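Protein chains in written order, with this note's numbering: chain A, 1 to 518; chain B, 1 to 373.
I should point out that these hints are in silico values taken from the structure, not numbers from a laboratory. Because the structure is a prediction, the values reported are computed rather than measured. Don't take each hint at face value.
[As the list claims (entries may be wrong)] Pulled from the structure, derived: some chain A residues nowhere near chain B, Cβ distances all over 10 Å:
#1 Gln150
#2 Arg219
#3 Tyr328
#4 Ile333
#5 Tyr420
#6 Cys450
#7 Ile451
#8 Lys458
#9 Asp517
[What the hints assert, rightly or not] Which chain B residues face chain A? A few, computed with CB under 10 Å, are given here:
#10 Phe13
#11 Leu17
#12 Thr125
#13 Ile159
#14 Leu161
#15 Ile253
#16 Leu257
#17 Glu269
#18 Ser277
#19 Met280
#20 Val301
#21 Gly303
#22 Lys304
Backbone N, C-alpha and C define an ideal beta-carbon position, used for all residues, glycine too.
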Amino acid sequence: MGENKSNRNLWVRQMFRKRRKNGETEKKAHSLDITELKEQLNKELNESPDLVFRVFHRDDKKYIIIFISNLVKTEIIDEFVLKPLLESKGNINTTEDILNILPLTQVNVTNQLMEIKEVLLKGSLYLYKEGEPFGIIGDVKKAEARSLGQAETESLVYGPKISFTEQLSTNLNVIRNNIVDANLVMEDITVGRRTKVNGKLVYISDIAEEENVNTLRQRINDLDVDHIQDSSVLAQYIEDNSWTVFPQLITTELPDRFCLALIKGKVGVLLDRSPAAIYGPTTFFSFFESTEDVYMRWNMGSFIRMLRLVAIFLSVLLTPAYVAVLTYHYEVIPSPLLVSLGQSRSNVPFPPIFEALLLEFIIEMLREAGARLPTKVGQTMGIVGGIVIGQASVEAGFTSNILIIIIAISALGSFTAPSYIMGSAIRIVRFPIIVLAGIWGGVGIMIGFCILLIHLLKLSTLGRPYLTPIYPFSFHDLRYSIFRLPLQYLGGRPETNEPTDKRRYPLKKAKTIKDVDE
Amino acid sequence: MKVNLYPKKAYLFNTFLVAFIIHAAQAGVGIAGLPRIVFLTAKHDAWISVFFAGVLTAGVIYIILFMLNQYESADLYGIHYDIFGKYIGALLSLIYVLYLLSACFIIVMNYVEIVQAWVFPDLQTWVLSLILLLLGVYGVLGGIRVVVGICFMSVILTIWLAFMLSAPLGHLDVTHLLPIWETKTLDIIKGISKTALSIIGFELLLFVFPYIENKKRANFYAQMGNAYTTLLFTVVTLVSIGFFSEVSLTRTIWPVLSMFKIIQFPNLERFEFIAISFWMLIVLPNICIYLWAATKGIKRVFGKNQRRYIFIAASIIWGLCFFIRARYQMNMVTDWVGRISYGTAFIYPVLLAAIVLVKKKLFKGGKKNETSS
Numbered sequence: 001m002g003e004n005k006s007n008r009n010l011w012v013r014q015m016f017r018k019r020r021k022n023g024e025t026e027k028k029a030h031s032l033d034i035t036e037l038k039e040q041l042n043k044e045l046n047e048s049p050d051l052v053f054r055v056f057h058r059d060d061k062k063y064i065i066i067f068i069s070n071l072v073k074t075e076i077i078d079e080f081v082l083k084p085l086l087e088s089k090g091n092i093n094t095t096e097d098i099l100n101i102l103p104l105t106q107v108n109v110t111n112q113l114m115e116i117k118e119v120l121l122k123g124s125l126y127l128y129k130e131g132e133p134f135g136i137i138g139d140v141k142k143a144e145a146r147s148l149g150q151a152e153t154e155s156l157v158y159g160p161k162i163s164f165t166e167q168l169s170t171n172l173n174v175i176r177n178n179i180v181d182a183n184l185v186m187e188d189i190t191v192g193r194r195t196k197v198n199g200k201l202v203y204i205s206d207i208a209e210e211e212n213v214n215t216l217r218q219r220i221n222d223l224d225v226d227h228i229q230d231s232s233v234l235a236q237y238i239e240d241n242s243w244t245v246f247p248q249l250i251t252t253e254l255p256d257r258f259c260l261a262l263i264k265g266k267v268g269v270l271l272d273r274s275p276a277a278i279y280g281p282t283t284f285f286s287f288f289e290s291t292e293d294v295y296m297r298w299n300m301g302s303f304i305r306m307l308r309l310v311a312i313f314l315s316v317l318l319t320p321a322y323v324a325v326l327t328y329h330y331e332v333i334p335s336p337l338l339v340s341l342g343q344s345r346s347n348v349p350f351p352p353i354f355e356a357l358l359l360e361f362i363i364e365m366l367r368e369a370g371a372r373l374p375t376k377v378g379q380t381m382g383i384v385g386g387i388v389i390g391q392a393s394v395e396a397g398f399t400s401n402i403l404i405i406i407i408a409i410s411a412l413g414s415f416t417a418p419s420y421i422m423g424s425a426i427r428i429v430r431f432p433i434i435v436l437a438g439i440w441g442g443v444g445i446m447i448g449f450c451i452l453l454i455h456l457l458k459l460s461t462l463g464r465p466y467l468t469p470i471y472p473f474s475f476h477d478l479r480y481s482i483f484r485l486p487l488q489y490l491g492g493r494p495e496t497n498e499p500t501d502k503r504r505y506p507l508k509k510a511k512t513i514k515d516v517d518e
Numbered sequence: 001m002k003v004n005l006y007p008k009k010a011y012l013f014n015t016f017l018v019a020f021i022i023h024a025a026q027a028g029v030g031i032a033g034l035p036r037i038v039f040l041t042a043k044h045d046a047w048i049s050v051f052f053a054g055v056l057t058a059g060v061i062y063i064i065l066f067m068l069n070q071y072e073s074a075d076l077y078g079i080h081y082d083i084f085g086k087y088i089g090a091l092l093s094l095i096y097v098l099y100l101l102s103a104c105f106i107i108v109m110n111y112v113e114i115v116q117a118w119v120f121p122d123l124q125t126w127v128l129s130l131i132l133l134l135l136g137v138y139g140v141l142g143g144i145r146v147v148v149g150i151c152f153m154s155v156i157l158t159i160w161l162a163f164m165l166s167a168p169l170g171h172l173d174v175t176h177l178l179p180i181w182e183t184k185t186l187d188i189i190k191g192i193s194k195t196a197l198s199i200i201g202f203e204l205l206l207f208v209f210p211y212i213e214n215k216k217r218a219n220f221y222a223q224m225g226n227a228y229t230t231l232l233f234t235v236v237t238l239v240s241i242g243f244f245s246e247v248s249l250t251r252t253i254w255p256v257l258s259m260f261k262i263i264q265f266p267n268l269e270r271f272e273f274i275a276i277s278f279w280m281l282i283v284l285p286n287i288c289i290y291l292w293a294a295t296k297g298i299k300r301v302f303g304k305n306q307r308r309y310i311f312i313a314a315s316i317i318w319g320l321c322f323f324i325r326a327r328y329q330m331n332m333v334t335d336w337v338g339r340i341s342y343g344t345a346f347i348y349p350v351l352l353a354a355i356v357l358v359k360k361k362l363f364k365g366g367k368k369n370e371t372s373s
């Protein structure tokens, strides 16, 4: 008991322990003697077997190159470090002389033990000439990266299909190429007390509102966690409400989507080793926007966007409505329809709520199985599972035909959301509403709907309301989120991002309506 | 206690939302039974009563805003404190809080009654009232921003219900309305007083006023909200009188819901089931905003955390539900609150406005005297 308590105390103390800031690493210069330096580093890096010390002599002076063999490209070291040093004529006296003959771009001069340790872990080498006060850090990183590929989770029919990769520098390169603007700011951020993952806070300085940038920056800086696995995890750490099912920051793997958001005045975060970028502030409706709406003509774009909203609405309410009507309000259905409904349900021994929950559960299982299995098996699995379970469960008298249709529609509806996370949120929200419908019928559905409404009203994203432009109502912004108007009306930026630079092109040029025959 | 409230800028809401607040607070459970109640006294001229009740309300709204504009950013509680001092002011504020809570109570109870009468006869009163109050608490915990949001969304999402009145419009018998103004004027005036319970809600201006962004423009939007309510109520009454015969209207407790019965879609019948479920969205802003105003008042008087008062107030209202066992008791309570509301919403603000004005004149006069002498 006592031990338990002291353990907990320790844990609490650790939780509240003052965080050591990034710049405040311990200051300690390493030894000037190469053998001692070796020992020091071996101690710091726990005698790691892949830590390589290459000692050589030139002009009777002792040199050492230190690196971690798995992290560096040894060819570069051979070609651009060892070769020039061993083959160059002339005297080498100071560290500066070495710098002058090294054909490396990213070099640094230091003697701090902690710094050396950190850069070694990030794929640099440390070159030191015995007796000198400083040594040289050179970047010879070997990064395993895949080439730019097609987006998988957010697929577009029409428009650019390139996707972010796991490597930060590649992603930054893509963004820089997309937005050629001197005001594009990429601030350095580091997350993870232990692993120190690099990242960038990206925004366009004369468009993005300063408060949004500050909020996001502060939240990332205040974050005290040892390791961040992926940007989606970071998004969860820094969002406003972590209890809700609804995501409050968009994670996207499409560079064009990210860049469009930046142009509209959003603030983004990129993290090394994660193929998705985060941006915010994002409203509820921006999860139902796809860049494809912009690439398509405006009428198609508007239609698709509204189709999505209707689909989501049906997806949430259709199954509960079925349950409510068949359990309590069968008077609502006209008699001809009721007859066919009754016939299809006549063999079903379960109450509607059980039937609906069962089928929804099966659909979810199918989806999950399809997602986990290898692609080839997954497709067969999906088709076979869908048909077999659908057909067989009706024939076996487990469910009614009509419910199968309804469940299929609502599953389809939830998959229309361009954001996978939002689609999952919609699917989860459906279950409690089905249960409420089974208990209190139509009133139950409305209870669920009211809870959902209040909940959405309460949510915020980076401190800004989640449900804009509906509430707080902004007529100006409806054209950017719910509709997609012709381009001549899209000359501004959404007010809800509070952009500093409000217009994308002057109003005068947009509205030139010519008279007939002129 | 301070007279003026200066909320943070983030909590101020856009001025046009005042229209939505007023309308959402006015339209509630009352409208479902309004035509019959007024019809009982004003007969087939009931719609005139309803219309004049709306006009009267417009006047009272004007006076309320006139009074509020005498202060920089005050609510009723602040004015009480300013005029009557610490103790009497607090007492009056608490009396008003009691009225607000009782209004909240009858809104909840009347909705529960409708649900029991039409959809679930066996549903326990305490279950549904508990759920409604929890919804209210959940909303009010979000603060004024969420409460106003609920008002706005409620109006937006239920506006289509008004168009459903077009179905009974085809079965209207205009002769039911003739001859116009046949009823005694006294009865029509009595009819106005019967409308009180349905049309109250505008007095909440007294509490949301400090949170309005542009206080000078508030009057316009408040009048717009009230005008829409008046129009809706009058049309509903007109249609009910035309649709039902005299006898059946006196016997139909919720004529509006009964009219929904005849609406048919190709795949939908008995529309009233949907309407009644949807009615929850009309009732929700009422519960939220009354609960908010009441708990705000308790906070203003006693200080400390509003959160706690919200839970306490909601549980008191819920506790009261157990005392109502029969329809006639409910009727009696509703009647009583209706009568009280006539005083608290219509007469009292006007009186208070007069006192504020007199005090201001006196105060100014005193100041002038001081400076001159």
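Verification of the supplied hints:
no. : hint   : result
1   : Gln150 : holds (40 Å)
2   : Arg219 : holds (18 Å)
3   : Tyr328 : violated (7 Å)
4   : Ile333 : violated (7 Å)
5   : Tyr420 : holds (27 Å)
6   : Cys450 : violated (5 Å)
7   : Ile451 : violated (7 Å)
8   : Lys458 : violated (4 Å)
9   : Asp517 : holds (42 Å)
10  : Phe13  : holds (7 Å)
11  : Leu17  : holds (8 Å)
12  : Thr125 : violated (13 Å)
13  : Ile159 : violated (14 Å)
14  : Leu161 : violated (13 Å)
15  : Ile253 : violated (19 Å)
16  : Leu257 : violated (13 Å)
17  : Glu269 : holds (5 Å)
18  : Ser277 : holds (3 Å)
19  : Met280 : holds (4 Å)
20  : Val301 : violated (27 Å)
21  : Gly303 : violated (25 Å)
22  : Lys304 : violated (23 Å)
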